[in-house]
Amino acid sequence: MSARSQAHSAGRAADTEAPNQMTTHSGHRGLQMEEPLIFEMGSTGRTGVDLPPVPKVANKLGGLARQGDIGLPALSEPQVVRHYVRVSQKNYAIDAGLYPLGSCTMKHNPRLNEKVARLPGFSDVHPLQPQSTVQGALEVIDTVAHWLTTLTGLPGVAMSPAAGAHGELTGMMAIRAAHEARGEARKRILVPDSAHGTNPATAVLCGYAVDPVPSLPNGRIDLEALKAKLDDDVAAIMLTNPNTCGLFENQIIEVAEAIHAVGAYFYCDGANFNAIVGKVRPGDLGIDVMHLNLHKTFSTPHGGGGPGSGPVVMSAELTPFAPLPYVVKGPEGLRLVETEADQAAAGDGGQAYGRMRSFHGQMGMFVRALAYMMSHGADGLRLVAEDSVLNANYVLARLQDVMTPAYPGPCMHEVLFDDSFLKDTGVTTLDFAKAMIDEGFHPMTVYFPLIVHGAMLTEPTESESKESMDVFIDTLRGLAADAKAGDAARFTGAPFLAPRRRLDETQAARKPRLRWTPEAPAEAAE
Amino acid sequence: MRYLPHTAEDRRAMLQVIGVDKVDDLFVDVPRSAVLDDLVDLPHHAGELAVDRALTAMAGKNTPAGSVPFFVGAGAYRHHVPAAVDHLIQRSEFLTAYTPYQPEISQGTLQVLFEFQTQVALLTGMEVANASMYDGATACAEAVLMANRVTRRRRAVLSGGLHPQYRSVVETQSKFLDGEIVAGAPDAQGDEDLASLIDDETACVVVQNPTFFGHLRDLRDLAATCHAKGALLVVAVGEAVSLGAVTPPGAMGADIVVAEGQSLGNALNFGGPYLGLFAAREKFVRQMPGRLCGETVDIEGRRGYVLTLSTREQHIRREKSTSNICTNSGLCSLAFTIHLSLLGEDGFKHLAALNHARACETAERLAAIPGVEVLNESFFNEFTVRLSKPAAEVVDGLATKGVLAGVPVSRLLPGAGLDDLMLVATTETTEAEDIAALGEALEGVLS
Numbered sequence: 010m011s012a013r014s015q016a017h018s019a020g021r022a023a024d025t026e027a028p029n030q031m032t033t034h035s036g037h038r039g040l041q042m043e044e045p046l047i048f049e050m051g052s053t054g055r056t057g058v059d060l061p062p063v064p065k066v067a068n069k070l071g072g073l074a075r076q077g078d079i080g081l082p083a084l085s086e087p088q089v090v091r092h093y094v095r096v097s098q099k100n101y102a103i104d105a106g107l108y109p110l111g112s113c114t115m116k117h118n119p120r121l122n123e124k125v126a127r128l129p130g131f132s133d134v135h136p137l138q139p140q141s142t143v144q145g146a147l148e149v150i151d152t153v154a155h156w157l158t159t160l161t162g163l164p165g166v167a168m169s170p171a172a173g174a175h176g177e178l179t180g181m182m183a184i185r186a187a188h189e190a191r192g193e194a195r196k197r198i199l200v201p202d203s204a205h206g207t208n209p210a211t212a213v214l215c216g217y218a219v220d221p222v223p224s225l226p227n228g229r230i231d232l233e234a235l236k237a238k239l240d241d242d243v244a245a246i247m248l249t250n251p252n253t254c255g256l257f258e259n260q261i262i263e264v265a266e267a268i269h270a271v272g273a274y275f276y277c278d279g280a281n282f283n284a285i286v287g288k289v290r291p292g293d294l295g296i297d298v299m300h301l302n303l304h305k306t307f308s309t310p311h312g313g314g315g316p317g318s319g320p321v322v323m324s325a326e327l328t329p330f331a332p333l334p335y336v337v338k339g340p341e342g343l344r345l346v347e348t349e350a351d352q353a354a355a356g357d358g359g360q361a362y363g364r365m366r367s368f369h370g371q372m373g374m375f376v377r378a379l380a381y382m383m384s385h386g387a388d389g390l391r392l393v394a395e396d397s398v399l400n401a402n403y404v405l406a407r408l409q410d411v412m413t414p415a416y417p418g419p420c421m422h423e424v425l426f427d428d429s430f431l432k433d434t435g436v437t438t439l440d441f442a443k444a445m446i447d448e449g450f451h452p453m454t455v456y457f458p459l460i461v462h463g464a465m466l467t468e469p470t471e472s473e474s475k476e477s478m479d480v481f482i483d484t485l486r487g488l489a490a491d492a493k494a495g496d497a498a499r500f501t502g503a504p505f506l507a508p509r510r511r512l513d514e515t516q517a518a519r520k521p522r523l524r525w526t527p528e529a530p531a532e533a534a535e
Numbered sequence: 030m031r032y033l034p035h036t037a038e039d040r041r042a043m044l045q046v047i048g049v050d051k052v053d054d055l056f057v058d059v060p061r062s063a064v065l066d067d068l069v070d071l072p073h074h075a076g077e078l079a080v081d082r083a084l085t086a087m088a089g090k091n092t093p094a095g096s097v098p099f100f101v102g103a104g105a106y107r108h109h110v111p112a113a114v115d116h117l118i119q120r121s122e123f124l125t126a127y128t129p130y131q132p133e134i135s136q137g138t139l140q141v142l143f144e145f146q147t148q149v150a151l152l153t154g155m156e157v158a159n160a161s162m163y164d165g166a167t168a169c170a171e172a173v174l175m176a177n178r179v180t181r182r183r184r185a186v187l188s189g190g191l192h193p194q195y196r197s198v199v200e201t202q203s204k205f206l207d208g209e210i211v212a213g214a215p216d217a218q219g220d221e222d223l224a225s226l227i228d229d230e231t232a233c234v235v236v237q238n239p240t241f242f243g244h245l246r247d248l249r250d251l252a253a254t255c256h257a258k259g260a261l262l263v264v265a266v267g268e269a270v271s272l273g274a275v276t277p278p279g280a281m282g283a284d285i286v287v288a289e290g291q292s293l294g295n296a297l298n299f300g301g302p303y304l305g306l307f308a309a310r311e312k313f314v315r316q317m318p319g320r321l322c323g324e325t326v327d328i329e330g331r332r333g334y335v336l337t338l339s340t341r342e343q344h345i346r347r348e349k350s351t352s353n354i355c356t357n358s359g360l361c362s363l364a365f366t367i368h369l370s371l372l373g374e375d376g377f378k379h380l381a382a383l384n385h386a387r388a389c390e391t392a393e394r395l396a397a398i399p400g401v402e403v404l405n406e407s408f409f410n411e412f413t414v415r416l417s418k419p420a421a422e423v424v425d426g427l428a429t430k431g432v433l434a435g436v437p438v439s440r441l442l443p444g445a446g447l448d449d450l451m452l453v454a455t456t457e458t459t460e461a462e463d464i465a466a467l468g469e470a471l472e473g474v475l476s
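If you read the protein sequences in the order shown, they are chains A and B. Here our numbering is used: the first residue of the first sequence is 10, the next is one more, and so on. Here our numbering is used: the first residue of the second sequence is 30, the next is one more, and so on.
It should be emphasised that the hints constitute simulated quantities derived from the structure, not laboratory data. It is possible that part of the hints are untrue.
[Claimed, not checked] With a cut-off of at most 20 Å between alpha-carbon atoms, the simulated PhoX-like pairs for lysine-lysine come out as follows: (1) K520(A) / K51(B); (2) K69(A) / K378(B); (3) K338(A) / K90(B); (4) K90(B) / K124(A); (5) K196(A) / K349(B); (6) K65(A) / K124(A); (7) K432(A) / K475(A); (8) K90(B) / K430(B); (9) K258(B) / K312(B); (10) K430(B) / K418(B); (11) K238(A) / K196(A); (12) K196(A) / K204(B); (13) K65(A) / K378(B); (14) K51(B) / K475(A).
All chains should be built: construct the whole structure from the sequences, respecting the hints.
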């Protein structure tokens, strides 16, 4: 162990010293393939798609036919398949291991969801087909809406938002529309200092000013500080619950009462709904509006950064302001209200403030989420919440003597550590995270929330078995012991064993290279 | 419960380690009155077979595009997606990874994003592109906000050829930020002149090419007018495959190009998830929204990729960020990139030419029908027809006969006096028999 660390701290080890450092003729290392960019592989004269000949017709392109080469490579199907398989192998994934990225809820993605989403009756249906030909698709939207409103205790839902942050925007716009309908031009949104970055960014996109609210030493919002900021200029609070410290806001009902007393609304960031699904209904807590990340609580795949889906549940008071489109029941079945004219004709009192995206929502994600919800049922979803909380508390219990929890337990579905256990070791939170990579784990969320020094937000999710968590926990215990024993080199140089060592982010930002260009020197081996 | 690993014994052992008697002791911070004693009123758990059957039954109530002669477009297009695409995007390493926050173990996603950004830049004829937005409409709204930041103005001129839903999304976002919108009347004939609407207060002009009604427009003069007034030209593309046949916006003076990327790699999916393409001139890169992937090296000098210029983004800049976007359309952009890689240079151009040719054949067939007038002199794979009867009635009537004939313009632009117009779209999936079936059905209903 220490010999290896010394070699690392001295820089690159001699090739003969350790097999791990050996160089190869191909540039590959066993199953770890070095793969060039697809633009560096192409030739001319190949294709991966056979198409019928183009009929001879007089072109109607109005003199705008594209001239010259686009610059795309030409490859056959086996070449393309191999390329993307090799590229994929440089990714960590939930299917491959525990992925404790706090606040992201990296749970198992059932393959049944993928199968049903690909049924031609869902995947091969156009959003603008006559509505008589898509009654099953509208039934999916309506059914998902029913599950979401039942689980949250809020009666209305806007289904169209494309992701969580988009849902935030949708919900906050409803709040502003509701205030304006009463002739009120409130200007401020209260946002706790522990909030996701999307919250203040969203408030600004709605034309509001952000007024931060401090947290208490116990990780909850400071109710007295909040009350001191309340007046009739406050439009809403944006509060995450369970919050980003992994804690339930134990004064949430008092927060709601205080907010409502000045005529403001309670927006809840529902990113962490997984901890309470089936167990607590946000509507019972005084929350007026909340987005749900279907890619978190309801297992739709994260896909390397989307697509997400962010339906927004809302109170009866806010529902009329929900954006277009939405589904209603009519004499001839389910029907979309798509335009202002439709809404006027529907006579449902709707005052939609507008539209958030094209078409009707992330249908492919609705089908997956519905499969997940039906698979779990009311009983299974409650168990999801309980097991996710149980798992996080188990991690907390087994690590609290060697790492430093930011707050005493119990926590909810994620546990937050700070970096005080690394004090005087020469090891930072980032170093600790990178050493986890060498151990075969994706790191937890680091340096978030901002209110905890060197934060490590750890969310095992309910998908992990006790055995899997024990390996994870034992690994972190070992790393914590190494750091305290002065073995800083294995951290500061980490990762040693990943497809890449630490990458120079400063250079990337200073001289951005955001695309391949033909002049670029081809460095990668093939 | 097949997705939950714990046995009763596991749970008991874990509670013991934690030092509590029961799991509810972990929920002590929840106000007691808010904890549900009973299960919510929803069905109980179900096995895979039961769920599969229930959802298959719902799917069975829809008419798949592939089961009928199909000409529906207006911003979403049915293309053939090679089997390899769907196989590759379902690889665990792509499907079940998250945003590449730890680049050392996310080079797979990052390399794909770098390839994607390169492809988008090449297709649009622009210098740089981001790692995707939610869809074409939201990308368009973000482009207007970006133009406001770049020009420090707040008036956007929208073409009457812009997709009505794109226009709605732009207007919705704009009204919350006191933006000003000047919108042209719906331009069914493709002959609008926006020049008179552009002045020294104009932040950007947003046009679509091909337009919502299918017309192709040479944008060079418009670009020159914009630039003379200090405004940006934003070009929206509703059908990404058109970029294989039509002069790209970048070659006609566009400053920002947004597009709906669904056509490549992605199924119709009843409208989502799709992906927005977003490309711009390099000098504006620090005002761009969304994720950007950049090339760099690791400490051993090996090439690698990272998310970069994140000081524009919400997780760093919070209320001062360029957008609130976080998760975007990762897997959809992967599908886009793989499909385009399979097509390659010649294949992509061939696909585009085939789409155009099918539309030419269809337009010729429909123009021969009494009661049908083709409005377009130019188009790519979609055009507008004026019918002798209200288009919505015609479309509904033909649907009962098993032909999905197109989109009545009144569905998206009700009350605009365009009730007799229908959009007709074709792709490489359109067969000669489909065109014949549409022609015959239209003759029947219009006679």
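Status of each hint after checking the structure:
| no. | hint | in the structure |
| --- | --- | --- |
| 1 | K520(A) / K51(B) | violated (56 Å) |
| 2 | K69(A) / K378(B) | holds (16 Å) |
| 3 | K338(A) / K90(B) | holds (16 Å) |
| 4 | K90(B) / K124(A) | holds (17 Å) |
| 5 | K196(A) / K349(B) | holds (17 Å) |
| 6 | K65(A) / K124(A) | violated (40 Å) |
| 7 | K432(A) / K475(A) | violated (30 Å) |
| 8 | K90(B) / K430(B) | holds (16 Å) |
| 9 | K258(B) / K312(B) | holds (18 Å) |
| 10 | K430(B) / K418(B) | holds (17 Å) |
| 11 | K238(A) / K196(A) | holds (13 Å) |
| 12 | K196(A) / K204(B) | holds (15 Å) |
| 13 | K65(A) / K378(B) | holds (15 Å) |
| 14 | K51(B) / K475(A) | holds (17 Å) |
Consistency with the previously given hints fails for numbers 1, 6 and 7, ordered from lowest to highest.
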